[in-house]
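Novice: Listed here are the chains, written in short residue letters.
2 protein chains.
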Amino acid sequence: MASSIGMIGGTGPEGKGLAARFARAGLEVIIGSRSAERGEEAATDVRGIAGGKVRGGTNADAAGADVIVITLPYSGQAETLEGLRDQIGDKLVVSTVVPMQFAAGKVTMLQIEDGSAAEETQRILPEAHVVGAFQNLAARKLFDVEHELDGDVIVCSDDKEALRQVIWLTEQIPGLRGVNGGPLASSRYVEGITTLLVHINRNYKTESHVKIVGI
Amino acid sequence: MASSIGMIGGTGPEGKGLAARFARAGLEVIIGSRSAERGEEAATDVRGIAGGKVRGGTNADAAGADVIVITLPYSGQAETLEGLRDQIGDKLVVSTVVPMQFAAGKVTMLQIEDGSAAEETQRILPEAHVVGAFQNLAARKLFDVEHELDGDVIVCSDDKEALRQVIWLTEQIPGLRGVNGGPLASSRYVEGITTLLVHINRNYKTESHVKIVGI
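Those sequence lines, one after another, are chains A and B.
Heads up, the first sequence is in the working numbering, so the first residue is -6 and it goes up one at a time.
Heads up, the second sequence is in the working numbering, so the first residue is -6 and it goes up one at a time.
Hints listed in this document are in silico derivations from the structure and should not be mistaken for laboratory results.
Treat the hints with care, as some may be off.
Same chains, same names: a pair is fine if it fits in one copy or spans any two.
[Claimed, not checked] Keeping only pairs whose Cα atoms sit at most 16 Å apart, straight-line, the calculated EDC-like set for lysine to aspartate or glutamate is:
(1) LYS84 to ASP54
(2) LYS99 to GLU154
(3) LYS46 to GLU33
(4) LYS99 to ASP151
(5) LYS204 to GLU164
(6) LYS84 to ASP151
(7) LYS99 to ASP54
(8) LYS84 to GLU106
(9) LYS153 to GLU33
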């Protein structure tokens, strides 16, 4: 199915972690950044630990891939995606973004007018086939490619074929299962789970995942 | 610890299901309702399947218990709790309420000014020690007391001792584990998970639970 994956804002921990897992799965990965140099640096890091076909470039370079994965911080999402609308067009776009705010030691979700970061992405990229996924995975565990994962990725979209493709993409990563979470509007609950996991991780000094039991 | 549990609005599927599990665990349960007769009917049903010390009565009767568990529909929460403020006082109060709306085949969360049903309960009962818990359990599986449960109950409170007591209470039910989800404000994410599970259950024609892996 997908032959290349472009990571928009792929130089942070979540972007590099997912890139490493996709590269391990044999997919071609382009790590995009505002600066091509930083994209290339991140690609060198990822190749170093995961091998595979990983290159770096600008976000526009990454937007040329078959499937676009957004790993931007929420604060940079609107501006960056508006600048890539034409390159992205009607491609499959995966939103991993969680609109979390860390302030005075407290973690909370930002109030998003569209309901979720994923729905905001759909509004900014009206022709794209937007899917919410991968929001709940701990970046450090993703990047540690020798660590076996064990968790569910809840996948939400209004487009059944796009949802099916992202479940397939999820299951290229050993230890992960894609779970159909329903419409794109359900992404708000999945994004919320990440905030909850931050609290749980603090309480138990761990990096936890979520699993849906009974399906 | 808790010697009696009072279920406010305990005649619905969630209330009867939890009451059955608490009764099986050897706890004394009072099922409250607007009408004492309906409370008694529900108690007869629960005793029939679970045995134990279960009696019915009004919501005010249930509010006399050591620990108060709220299993009201969200629409009835504010009015009912305002009428019980004095009886409840500074007791331990567990909110299981999910502010879900079913309209035109779609499931969504209501926008709650306080952030969650649990935080609204804390505002209405300012002296109570409010804890959010048990929102994500499928009612039918709870009531089927021969069915072995396997899931996590995410417990949220600003009061550490209350949180500890509700984790204890959770673990009186075989197969359930209590997980410290952080402050009461985290309840909004836990309530959201229920809405997500409704979507997942529709997609997979099942009744799913949630588990936190890695703690």
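Novice: Now tell me, hint by hint, if it's right for this structure.
Specialist: Each hint tested on the structure:
1. For the identical chains of this complex, LYS84 and ASP54 are intra-copy neighbours only, at 14 Å inside a copy versus 60 Å across copies, given an alpha-carbon limit of 16 Å.
2. In the homo-oligomer, the alpha carbons of LYS99 and GLU154 never lie at most 16 Å apart, since the shortest distance is 38 Å inside one protomer and 21 Å across protomers.
3. Taking the closest pair of Cα atoms, LYS46 and GLU33 come within 16 Å of each other only inside a single copy of the chain (13 Å); across copies the shortest separation is 68 Å, beyond that limit.
4. For a Cα distance limit of 16 Å, the shortest separation of LYS99 from ASP151 across copies, 13 Å, qualifies, whereas the shortest one inside one copy, 33 Å, does not.
5. In this homomeric assembly, LYS204 and GLU164 come within 16 Å of each other (Cα to Cα) only inside a single copy, at 14 Å, whereas the closest approach across copies is 19 Å.
6. Proximity of LYS84 and ASP151 under a CA criterion of 16 Å is satisfied intra-copy only: 14 Å inside one chain copy versus 44 Å between copies.
7. Taking CA atoms no more than 16 Å apart as the test, LYS99 paired with ASP54 passes in neither setting, with 36 Å inside one copy and 39 Å between copies.
8. When the C-alpha separation of LYS84 and GLU106 is checked against a cutoff of 16 Å, the pair qualifies neither within a copy, at 24 Å, nor between copies, at 37 Å.
9. Taking CA atoms no more than 16 Å apart as the test, LYS153 paired with GLU33 passes in neither setting, with 34 Å inside one copy and 47 Å between copies.
In terms of the numbered hints stated before, the structure departs from hints 2, 7, 8 and 9, listed from lowest to highest.
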